[in-house]
Amino acid sequence: MDRVRRLKLILWMLLGLAAAVAITRFFFGLGATTHLSDATPWGLWVGFDVMGGVALAAGGFVVTATVYIFKLDEFHSIVRPAVLTAFLGYVAVAVGLLFDLGLPWHIWYMTIYWNPHSPLFEVGWCVMLYLTVLTLEFFPVPAEDISALASVRRFLVKLRIPLVIVGIALSTLHQSSLGSLFLIMPYRLFPLWYSPILPVLFFVSAIGLGLMMVILESHFTAYLYRRKPETKLMRPLGEAAGWVLILYLALRFGDLAYRGQLHYLFASAWQVKLFWVEIAAMAIVPLVMLWQRQFRKSSNWQWATAAIATTGIVLNRIDVGGLADLSRGGSLYLPEWTEIVISLGIVAAATLLFLFMVEHFRVWEHRPADPDADPRKLPEFNKVGFTWLGTPVIAGRVKYSLAFVLAAGFGFLLLGSPRAASMGATPTPTHRARGNVGNIGLQLAAARTGKPAPATAGTGVLYLDADLTNWGVTFYHQREIDRNGGEKSCVICHHMNMPHDQESGCYECHRDMYLPTDSFRHDWHASPKGANLACVQCHERGYPRTSAHVKPCSDCHKDLVPAGATIKITTYIAPSYVDAMHTLCIGCHVKVAQKENKPEIARCAECHKGKLNFAAAQNYLYSRHAPAGRLVVLPPPKVSEVH
Amino acid sequence: MRAAILTDTTKCIGCSECVIACKKVNHLPNDIPQRWDMNDGLSADNWTSVIGEPADKFVRKQCRHCLEPACVSACPVGAMHKTELGPVIYESAKCIGCRYCMMACPFGIPRYQWSDPVPHVRKCILCYDRIKEGGQPACTEVCPTKATIYGDRDQLLAIAHQRLRENPGKYINRVWGESEVGGTSVLYISDIDLSFLTYGEQFGKMPLPDATRPAMEAVPFAFVGMGAAMAGLYWIIKRRMKLEAERADEKAGGKPGSEE
Ligand code: SF4
Ligand code: SF4
Ligand code: SF4
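In order, the protein sequence lines correspond to chains A and B.
Under the numbering used here, the first residue of the first sequence carries the number 719, and numbering increases by one thereafter.
Under the numbering used here, the first residue of the second sequence carries the number 15, and numbering increases by one thereafter.
Hint data in this document are derived by calculation from the structure and do not stem from the laboratory.
Glycine is no exception: its CB is placed at the ideal position from the N, C-alpha and C atoms.
Computed beta-carbon distance windows for the label pairs:
| hint | chain 1 | residue 1 | chain 2 | residue 2 | range |
| --- | --- | --- | --- | --- | --- |
| 1 | A | Leu1120 | B | Asp224 | 50 to 60 Å |
| 2 | B | Thr24 | A | Ala1320 | 22 to 32 Å |
| 3 | A | Ile1319 | B | Pro131 | 34 to 44 Å |
| 4 | B | Gly183 | A | Pro914 | 35 to 45 Å |
| 5 | B | Gly246 | A | Arg872 | 22 to 32 Å |
| 6 | B | Met255 | A | Arg724 | 42 to 52 Å |
| 7 | A | Gln1255 | B | Thr97 | 51 to 61 Å |
| 8 | A | Leu877 | B | Asp224 | 39 to 49 Å |
| 9 | A | Pro880 | B | Ala259 | 22 to 32 Å |
Partial list, computed: chain B residues near chain A (C-beta under 7 Å):
| hint | residue |
| --- | --- |
| 10 | Cys29 |
| 11 | Pro90 |
| 12 | Lys108 |
| 13 | Thr226 |
Bound conformation, chain A alone (with noise of 0.2 Å):
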């Protein structure tokens, strides 16, 4: 297999990891897929999707200045492969934003709805008009070989000058202006970062890196199609970029040094490191590298330079996008890897295209010739008239599909649990309720006469404590009951509907303080293994299959609801632990208050002292509801509970 051939398989199965988490990210919505939070809201996918493409795809409008203004002939030949790559670039982005965008079907709303206030609002429109010239600049090389668009591209290639220039000033204005995004942060992003002049450096990094990004990709491909490397007519390219890199230097300390933030380059804080390591990638190392004698000569010394400096510059686009925010929370944000993926799932979709594109259309002067092609093939001739050495449109469509499908499989496998994930919640175990319920028989006979229970009835105390933080209640069994209406009332704690189950207690359903669980559990219902049920043995028949048309479970567990009790399933899923207590002690909390006129043990702050987070609501003083003198002895929780 070719490098070409490899390349793209490889490609393919990043595009199915990516499927399978753009499938998840649409689903269950950003908190299952990203590591952003509300300290850290923008992430990698505006940091290097939107403003690293941008930036990437600066290409376009430097080389067409480059020839169409400034007339620098000699650079003719790579127009066509600097706006194709712009314009995928741009694509790129616009596909990256909408993954990220929060509700992305609305974002054709900043053509209705305006905030000239905002840089994002610019930034939107740029890339909205400059996406529209670049497709009508790069329209006429596959209009070439389709002939009934000649006319099209006659025209078009008259619009060709004003084109270039609206590109350029659209360009000039959006590069710059995702700088001016950040102007209004200046208590987030790190000092070191945070300028007034940041739309400038970013228009003049973009320069550099755009120069860069023609260079990678000429000597990639070259690479690629095993054609003659242009080491000669990248060389004054890689000059011009030094010059632009040495701008930019100059414009960031000099900035630095004039507002009297040079000492922050000595502190000690993390991101002190992260820009050095930035800055070094994006000028200093690959500065020192134009400067030797080799970059004359050496395609790979070119590469690697140019390599270098685009990684530098997309990091610094990373760092200003969320990276280097001053911790805010003491949250450090760091992609999931489901991000990575879908970032390189997005490039390598741009990449495919832009293979394909000088696979099959004169972006270079020729196209170049597949080197699994049979050398004793006769040429195809197409019906428009153009002669192709080589193989079918998708060559290897099998291994590559079959690429895809696995990875996107594989992505599916280590997703995991999706919906879990979404909630946020880190799962926490819940354990039984620890002590001895005792003889209930014994209890309940010694309730109704009114004397003093046996020694062998037990005590009937429980210390609930399900997440084993030692905060608990103890709860006196016996007590519930009278509360609740006595002997029948069993069903109201207990579900019951647990199969072979005649005590289910709160633990069996609420495994996990946050999150809502399944209590009925349907598909042991419908089991053969289980209690291997038709459907219209619950359901009712001609009704729709819903809980609302089902039988209640005492019609069958005859045996486990007390008599005269009904469970009417209203829903499968049982709250949450948290919920379900809350609903459980509020209540009572509210009843008790209204009926002895203290509103105090109504209100939230007497079980939350925790304060700092609602949710911690861990100092709930359970000796209040043990009455004086009496000990409750608790056994220490079973490995074996431990869910």
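Knowing the structure of chain A, use the given hints to seat chain B with the ligands on it.
Quick look at chain B with the ligands alone, frame taken from chain A:
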């Protein structure tokens, strides 16, 4: 009238009534601790919280309803906007979910519904619906000690300064929110340093929208300027090349027959 809230942290007993009242009137569900929370108690389902740090001090946190809000200036579609009355409110129907408002807010107030496939931004809206009809926010209404009160911003400022004057030594001599980032509608007086509400940063007086204004005002000029410069360069270079070509032609014409 410019609606405002004054919170006197020395009067707060940490009962969290305001939190519950806010939850009730805004129909917010129970909280669960989530990965993306900042540990200040605010979340998409909790628009105000009582921070109990340091011990025995209570500070209520909510949106500050800045006079010149960064979130409003940032929002590309104007989903966040400042009302005449003072509250900064959010129109979910316009939002595109870019979360630029969250990035821009210096107080880190807006929170996102990360778990939702159709997520929205959530924050305190100063009970806009209630105060529009002449009422007051739920949180100030229920406060049992009047630690957090609602009123006109100027009057509340006067009250705050009066309290600072009358109780020298009790408070730190400063009204938080009077002038930071251009002033906020939610004001604090306190006996402890409140810089944790601004993540330890000392905010200047400059409203944050002013930081972007010069760049945004330069946009039309940059567009026209760049376009004109490019068109001019194109014309000059083209003309010069034409002249050069003519000269070369002339030279070639001056030596007839040299080509043959
Ligand atoms: S505190 Fe933040 S969210 Fe509230 S108005 Fe000010 S900038 Fe907007
Ligand atoms: S997330 Fe919504 S409200 Fe916030 S800036 Fe973006 S569009 Fe505006
Ligand atoms: S003003 Fe209204 S929305 Fe804001 S915290 Fe108070 S109750 Fe909640």
